[in-house]
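*Asks:* Chain residues, written in single-letter form:
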Amino acid sequence: MAETSRRAAGRRLQLPLLCLLLQGATAILFAVFVRYNRETDAALWHWGNHSNADNEFYFRYPSFQDVHAMIFVGFGFLMAFLQRYGFSSVGFTILLAAFTLQWSTLVQGFFHSFHGGHIYVGVESMINADFCAGAVLISFGAILGKTGPAQLLLMALLEVVLFGLNEFVLLSLLWVKDAGGSMTIHTFGAYFGLVLSWVLYKPQLEKSKHRQGSVYHSDLFAMIGTIFLWIFWPSFNSVPTTLGNGQHRTALNTYYSLTASTLSTFALSALVGQDGRLDMVHVQNAALAGGVVVGTSAEMMLTPFGALAAGFLAGTVSTLGYKFFTPILESKIKVQDTCGVHNLHGMPGVLGALLGVLVAGLATHEAYGDGLESVFPLIAEGQRSAMSQAIHQLFGLFVTLIFASVGGCLGGLLLKLPFLDSPPDSQCYEDQIYWEVPGEHEDLAQGPLRAEEPDTQA
Amino acid sequence: MAETSRRAAGRRLQLPLLCLLLQGATAILFAVFVRYNRETDAALWHWGNHSNADNEFYFRYPSFQDVHAMIFVGFGFLMAFLQRYGFSSVGFTILLAAFTLQWSTLVQGFFHSFHGGHIYVGVESMINADFCAGAVLISFGAILGKTGPAQLLLMALLEVVLFGLNEFVLLSLLWVKDAGGSMTIHTFGAYFGLVLSWVLYKPQLEKSKHRQGSVYHSDLFAMIGTIFLWIFWPSFNSVPTTLGNGQHRTALNTYYSLTASTLSTFALSALVGQDGRLDMVHVQNAALAGGVVVGTSAEMMLTPFGALAAGFLAGTVSTLGYKFFTPILESKIKVQDTCGVHNLHGMPGVLGALLGVLVAGLATHEAYGDGLESVFPLIAEGQRSAMSQAIHQLFGLFVTLIFASVGGCLGGLLLKLPFLDSPPDSQCYEDQIYWEVPGEHEDLAQGPLRAEEPDTQA
Amino acid sequence: MAETSRRAAGRRLQLPLLCLLLQGATAILFAVFVRYNRETDAALWHWGNHSNADNEFYFRYPSFQDVHAMIFVGFGFLMAFLQRYGFSSVGFTILLAAFTLQWSTLVQGFFHSFHGGHIYVGVESMINADFCAGAVLISFGAILGKTGPAQLLLMALLEVVLFGLNEFVLLSLLWVKDAGGSMTIHTFGAYFGLVLSWVLYKPQLEKSKHRQGSVYHSDLFAMIGTIFLWIFWPSFNSVPTTLGNGQHRTALNTYYSLTASTLSTFALSALVGQDGRLDMVHVQNAALAGGVVVGTSAEMMLTPFGALAAGFLAGTVSTLGYKFFTPILESKIKVQDTCGVHNLHGMPGVLGALLGVLVAGLATHEAYGDGLESVFPLIAEGQRSAMSQAIHQLFGLFVTLIFASVGGCLGGLLLKLPFLDSPPDSQCYEDQIYWEVPGEHEDLAQGPLRAEEPDTQA
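Chains as they are written, first to last, in my numbering: chain C, 9 to 466; chain H, 9 to 466; chain Z, 9 to 466.
Read the hints as simulated data drawn from the structure, not as lab findings. Among the hints, a few may not be true.
One copy or two, it doesn't matter: identical chains are merged, so the pair holds either way.
As the list claims (entries may be wrong) - When the alpha-carbon atoms are kept at most 25 Å apart in a straight line, the in silico DMTMM-like pairs for lysine to aspartate or glutamate are as follows:
no.: 1; residue 1: Lys331; residue 2: Asp62
no.: 2; residue 1: Lys215; residue 2: Asp433
no.: 3; residue 1: Lys331; residue 2: Glu389
no.: 4; residue 1: Lys340; residue 2: Glu64
no.: 5; residue 1: Lys215; residue 2: Asp283
no.: 6; residue 1: Lys331; residue 2: Asp283
no.: 7; residue 1: Lys424; residue 2: Asp283
no.: 8; residue 1: Lys331; residue 2: Glu444
no.: 9; residue 1: Lys217; residue 2: Glu64
no.: 10; residue 1: Lys340; residue 2: Glu381
no.: 11; residue 1: Lys217; residue 2: Glu381
no.: 12; residue 1: Lys215; residue 2: Glu374
no.: 13; residue 1: Lys217; residue 2: Glu444
no.: 14; residue 1: Lys217; residue 2: Glu132
no.: 15; residue 1: Lys331; residue 2: Glu374
no.: 16; residue 1: Lys217; residue 2: Glu374
no.: 17; residue 1: Lys342; residue 2: Glu381
no.: 18; residue 1: Lys340; residue 2: Glu374
no.: 19; residue 1: Lys340; residue 2: Asp378
no.: 20; residue 1: Lys215; residue 2: Glu444
no.: 21; residue 1: Lys340; residue 2: Glu132
no.: 22; residue 1: Lys215; residue 2: Asp378
no.: 23; residue 1: Lys217; residue 2: Asp62
no.: 24; residue 1: Lys424; residue 2: Glu381
no.: 25; residue 1: Lys424; residue 2: Asp62
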C-alpha cells in the first residue's frame, strides 16, 4: 500500500509538472520567435498584388486536414486494439501529438524557416509538425502499453529534435527527395522506437500477456484507425509536394499502391493463418504498408504499374513480418514491439527508401520533361546525374538509420531514469494505472492491481 | 400498464406528428421563399464574365465538410458516452440537426440574405445553418437524457429563431466580429441550454444515477466525437472568415490553441484526479476548450503565442469546472448539466468573448496593414476606434447572455407543456424509452421500465 | 472433422490463389495499358501554358476524399451492425473495394479514356472507380453474411464489367444524365445484388437467425457508417458534375434532401414501431435515402423545395419498405436481403431515376440560361427536346434494370460453383469461419461451429 501511494503521488506530480513545464517553455519560445508568415499575416499578405485564391491555404489545407485526421483518428484508434488500453492509446496519442505539434513547430522552424530571428508559420509548418507527430506516434507504437505518459512526453522532447535534425540533413544538405517520408517519418520513427524498446526490455512482460490481445469490439475500434489511415494516405504523401501534377500524381500512385498491399495482405494472411483464417492484425496493419512503401517514390514517375508492384511487395513483407518475424524479434533480439511497427513502418519504410533509390536512378529528362525541375531540381540544373541522386537517396537512408538508432538509445536511457513513473512488467497494457476506468472493468483489474509487484524497471 | 400504454400511444403520435408538421411547414416556406443564389443557379452563374474557379464553392466547401463532420460525428458521438443512451445521443443529434438545417436556412435567410422577397442559398447558408445546429446541439448537451425527441424538436424550433435574432443583432447591428462563434454559438447555446435545464429541474434525478456514467467502450465511442471535433475545429473557426490570409490565420491560431488546451487538460486532470489518475471526461471535453476560446479572436492578429496562452487558460478553466463547479451547479444552483456544457462551451465561450474584446481593443493599423479592412472594416474606414470596437464586442456578449437566458426560460416553459412525452426522473439516460434496443440490454432495463413510476414532470 | 479440414484447406487456398491471380492479372494490364494523364504526368502537364491552380486535382480531390471515406468508412461500418460479422463487414469491404478500384480503373478506362492504346488516369478515374466500388458494396449488402470472400471477389470481377458496360450505354450512348448514380450505382448495385441473392437462396437460413440481429455496440458502430455516408453524400453526388455552379448546386440539393429523408424516417419509424419506439435499422438506412433519390436530379434545377420533397418521399418509402416489404421479399419472393438494400438503394434509386425523368422533362432555356450547355448539352445544342431527354432518361432506367438482373443471375450461377467455399446455412453471419476471432466470442460460437452441418449450398 505504501508503494501504491508513493506511485500515486508520483503520478499526480510527474505528468502535471512536465506538461506545465513543457507548455511554459514552448509558450515562451513562441512569444520570442514565432510569427505569422506572409500568407497568414494580415499586413504582409496585402503587400504586393495577388489574388486571395493564390493563398497556399487553398492548395494544401484540405489535404492537411486529411493528414490531421490520420494522426489523431488513424494512429489513435489503430493502437486501441488492446482490450484494456484504449483510453491510453487514444488519450496519449492526443497528448503526445499536441505537444509534438508545438515543439516541432519550433524545431523544424529553426531548421527550415528561420529568417531575421523569427520563425514564420503557416499551413506548411502545420503539415510538417503533423508529419513529425506521425514519427513520434510510430515510436509510441513500439512501446505501447509499457510506458507512462511522462515518459512518453520526454521521448517526444528528444525525438522531435532528432527528427528535425535528420530531416534537415536529408532534405536541405543531401537534397534527398522524401515527400511522404518513407525515410524521415517511417524508417526514422520505427527504428527510433524499436531501439528504444530494446533498451527498455521488460524481461517479465509475459505477466501482462493476458492483456496483450484484443477483444472483438476493440478490434473494430482499431479498424476505424486503419480505414482512416488507408483512405487518407494519398493526401499524406501528396500534401507537401509541388503544386499541380506533383500532388496529383503522388495521390494517384499512393491510391494504387494501397489497393495492392490490401490484396497481398489478404492473400498472405489466409495462406499462413491457422485453418486458413484471416488475422485481423494483418488487415489492420499490413494493408497500410502500400502507403509507406511509396512515401519516397510516389512523387516520382513511378508509373501506375510500379505503384501496384510496390504495394504488393510491401503488403507481403509486412504480413509475413507479423507472422514470422515479430516473435523472433522479441525472443531472439529482445525487442518487444507492441504494434509491430517494424512490419508496418520499419521494413516497408526501408523498402520505400530503396524504391526511391531505384526510381531516382532511372529518372530521365524524357520521362519528366519540364517537370524534372520540380521533382529533381539538381538533375534538371545539371548539378547531379540521376545516378548521383540515387546514391544520395541511399546515403539518406543510412543517415536516417543512424540517427534513429542513436536517438533510440538515448531515448531509452532517458526513459530509464529511476524517478520516472513506469508501469511494472506485470501491469503493462492496462488503462487503470493512469485512468479512472468506469465500473465494468474494475473486477477484472483489481487482481493484478491490488497484488502490486515491485517495479522491475526500478 | 395503462399508464404505459398511454405513454406508448403518446410517443407513437407526438414525434411523427411533430416531424410531419415541421417538415410540411418548412417545405412550404422553402417553396415560397428559397431560391438558388448566383453561385448555385445555372442561369445566374453564367451571367457576367468569371471563371468557374472563382465559385465560392472551392473556397469554402472543403472546410464546410469538416464542420459538417463536427456537427454530426463530433457532437453525436461525444454525447454517446452514456452507457445506455448511445442510440438517443447519436440518433437525436441527426434528427435535431436535420430539422435545424432546414429551419435555420429560413430564419437566417430572412435576417441575412432576403432580397426581393426571396432567400438566396448556397454554401454560405449551408455553413450558417450548420453553425446554428452546433448551438442547438450544445443546448441538447445540457439536457441530454432528460427529454424526449418531440421536446427537443420544439426546443430547436424556438432556439433557432432566437439564435438567428441574436446573431443578427451582433453581426449586422453591432458589427461585432465573432467568426467562430464564441458568443453566437458557444455562449448562446450553453446558457440557453443551462437555463432551460434549470427550468426543467428534475428533483429525483438520482434515481437514474446508475445510468449516468459511461462504460469502457461508450467512452471510446465518445472519443471518436472528441477527436473529430479536435481535428476539424480549425476549419470551424476559419470557414466563414474572409478569403486568403483570413481563413489561413484563423485555422492556424485555432490549431495552436487546441494543442495548449490539451496539455493543460492533461496536467490539471492528473493533478486533481483520484490517485493522480486522468479522467476521461476531462480529456473528452476540456481538451476542446481551446477551440471555443479563440472563436472570436482567431480571425484577429492574436499571434501564435496568444493562441497558446488562450488555449492553455481555457483547458485549465474547463477541467477545473468539471471537477469542482459542475457538482455545485447541480446541488446549489439546481442546474443539471449532463454533458458539462458550462465547462466546455459556457465558460470558455465567455472567456473567448472577453479575449475578443481585448484583441479588438489592441488592433492597430500597423499590425493589420491593409488587412484591417477585412477584419475590422469600421476601424479601417475610421468610423470606430479600436476601443469602440472593443466596447461593442463586450456589449455583444451581454446581448448574447440576455437572449440565451430569456430564450432558455421560454424554452423550459415550452418543454414543460404537460402533454409532451417526457421521461420520468427514474428513467432518464435510457434508450429503451424511445428505441427498440437489441436483446443484450433488455434484462438490465426491464426492472426500472416495468416498475414505471409516475412522471414527476407532469 | 474431415469435412472441417477439407473446408479449412479450401479456405487456405481459394482466397490466396484468387487474390494473387487477380492482382497479377490487373498488374500486367496496368503495365501494358495504364498511363498518367495530362494532369498527372510530369512531362505532359508542363506542355502548354497553364497555371498549377488549374489542375483538376484542386477542383475534385477534396470531394473525392469525401467519397473515398463513404466507400470505406461508410459502407464498411454501416454493414458492421451484425453482432458477429463486424470483422467480415469491414474487412471484406476493404478487400472488395481495393480489388474493384484496380479492376474498374481498367474496365472504365477502356470505355471512357482509351486513346492510342492507352488508358489515361487521374483524379476522375479515381472517382469513377470509387463509384463502381459503391455499386459492388451495395450488392455485397444484399448477400452480407451468406458468402465467402472468394465468392465476393468473383462477384466483383463480373459486376465491375457489367457496371462499366451499363454506365457506358447510359452516359455515352444514350446521353443520359446521372451524376450521383441513382441508376448506374444504386439501382444497378441493388438489383444486381438482389437477383444474385435470389439465385443463392438459402432455404435453411433461419438456423442462423440468432446471429442476424445486432447488439447495442454493433449498432453504434453501424451509426459511424451511417453518419459518414450522411454528411458526405453532397460530395458524392457533386464530385463528377461540371465545375462551378454544377458542383455547388448538386451539393446543396443533396444536403437539403437528406435533411428531409431524416425527418420522414423518424416520423415513420415511430409511427409504425412497436409501442411507438424508433427502430435503429430505419435510422441507419432510410435516413440516407435522400442522398440516393436525388442522385440523378441534384445536378439539375431541382429547386430547394424539390430536394426537400424528394428526400421526404424517399425516407418514407424506405422506412415503410424496411417495416413491411422486406419480410414479404424474403417469404414470398425468396430474396434474402441482409442489409435491406432494396429499401435504401433499390426503391429510392428507381424513384431517383424517375425524378430525373421528370426534372429533365421540365428543363427550359429560361430556367438554365447559359448553364443548359453543361447540364443538358444535347438540349442546348438543339439536338434533343426536353421531352426527348426525359424519354432517354426513362430508357436508361430500363437498360439498367436489365443489365442488373441479367448480371445478378450470371453472378448467382458463378457463385454457386460447387468448389467455392460458401458458408452453410447454419453458419451465416459468423466471423469465425473466415477470421481468427479473439477469445470472448469463442464460447458463443463453438456450439454451431463444432456441430458443423453439411453445406446446403453444395
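*Asks:* Please go over all the hints and tell whether each is borne out by the structure.
*Replies:* For each hint, the structure was consulted:
Neither within a single protomer nor between protomers do Lys331 and Asp62 lie at most 25 Å apart by alpha-carbon distance, with minima of 49 Å and 47 Å respectively. For the homomeric pair Lys215 and Asp433, the shortest alpha-carbon distance inside one copy (7 Å) is at most 25 Å, but the shortest distance between copies (42 Å) is not. Taking the shortest alpha-carbon separations for Lys331 and Glu389, neither the intra-copy value of 47 Å nor the inter-copy value of 62 Å comes in at or below 25 Å. In this assembly of identical chains, the alpha carbons of Lys340 and Glu64 never lie at most 25 Å apart, being 50 Å within a copy and 52 Å across copies at closest.
In the homo-oligomer, the alpha carbons of Lys215 and Asp283 lie at most 25 Å apart only across protomers (24 Å), although the nearest pairing inside one protomer, at 28 Å, exceeds that limit. Taking the shortest Cα distances, Lys331 and Asp283 sit within 25 Å of each other inside one copy (14 Å), while across copies they are farther apart (40 Å). Within a single copy, Lys424 and Asp283 get their C-alpha atoms only as close as 42 Å, which misses the 25 Å cut-off; across copies the closest is 23 Å, which meets it. For a Cα distance limit of 25 Å, the shortest separation of Lys331 from Glu444 across copies, 13 Å, qualifies, whereas the shortest one inside one copy, 35 Å, does not.
Taking the shortest Cα distances, Lys217 and Glu64 never come within 25 Å of each other, neither inside one copy (49 Å) nor across copies (51 Å). For the identical chains of this complex, Lys340 and Glu381 are neighbours neither inside a copy (47 Å) nor across copies (67 Å), given an alpha-carbon limit of 25 Å. In this assembly of identical chains, Lys217 and Glu381 lie within 25 Å of each other by CA distance neither inside one copy nor across copies; the values are 53 Å within and 63 Å between. Taking the shortest alpha-carbon separations for Lys215 and Glu374, neither the intra-copy value of 60 Å nor the inter-copy value of 64 Å comes in at or below 25 Å.
With identical chains, the CA atoms of Lys217 and Glu444 are at most 25 Å apart both within one copy (22 Å) and between copies (18 Å). For the identical chains of this complex, Lys217 and Glu132 are neighbours neither inside a copy (42 Å) nor across copies (48 Å), given an alpha-carbon limit of 25 Å. Within a single copy, Lys331 and Glu374 get their C-alpha atoms no closer than 43 Å, and across copies no closer than 63 Å, so neither meets the 25 Å cut-off. Taking the shortest Cα distances, Lys217 and Glu374 never come within 25 Å of each other, neither inside one copy (56 Å) nor across copies (62 Å).
In this assembly of identical chains, the alpha carbons of Lys342 and Glu381 never lie at most 25 Å apart, being 46 Å within a copy and 63 Å across copies at closest. In this assembly of identical chains, the alpha carbons of Lys340 and Glu374 never lie at most 25 Å apart, being 49 Å within a copy and 65 Å across copies at closest. When the C-alpha separation of Lys340 and Asp378 is checked against a cutoff of 25 Å, the pair qualifies neither within a copy, at 51 Å, nor between copies, at 65 Å. In this assembly of identical chains, Lys215 and Glu444 lie within 25 Å of each other by CA distance both inside one copy and across copies; the values are 22 Å within and 23 Å between.
When the C-alpha separation of Lys340 and Glu132 is checked against a cutoff of 25 Å, the pair qualifies neither within a copy, at 42 Å, nor between copies, at 49 Å. When the C-alpha separation of Lys215 and Asp378 is checked against a cutoff of 25 Å, the pair qualifies neither within a copy, at 61 Å, nor between copies, at 65 Å. Within a single copy, Lys217 and Asp62 get their C-alpha atoms no closer than 55 Å, and across copies no closer than 55 Å, so neither meets the 25 Å cut-off. For the homomeric pair Lys424 and Glu381, neither the shortest alpha-carbon distance inside one copy (48 Å) nor that between copies (56 Å) is at most 25 Å.
With identical chains, the CA atoms of Lys424 and Asp62 are never at most 25 Å apart, being 50 Å at best within one copy and 54 Å at best between copies.
Going down the numbered hints, you'll see the structure goes against 1, 3, 4, 9, 10, 11, 12, 14, 15, 16, 17, 18, 19, 21, 22, 23, 24, 25, while the others check out.
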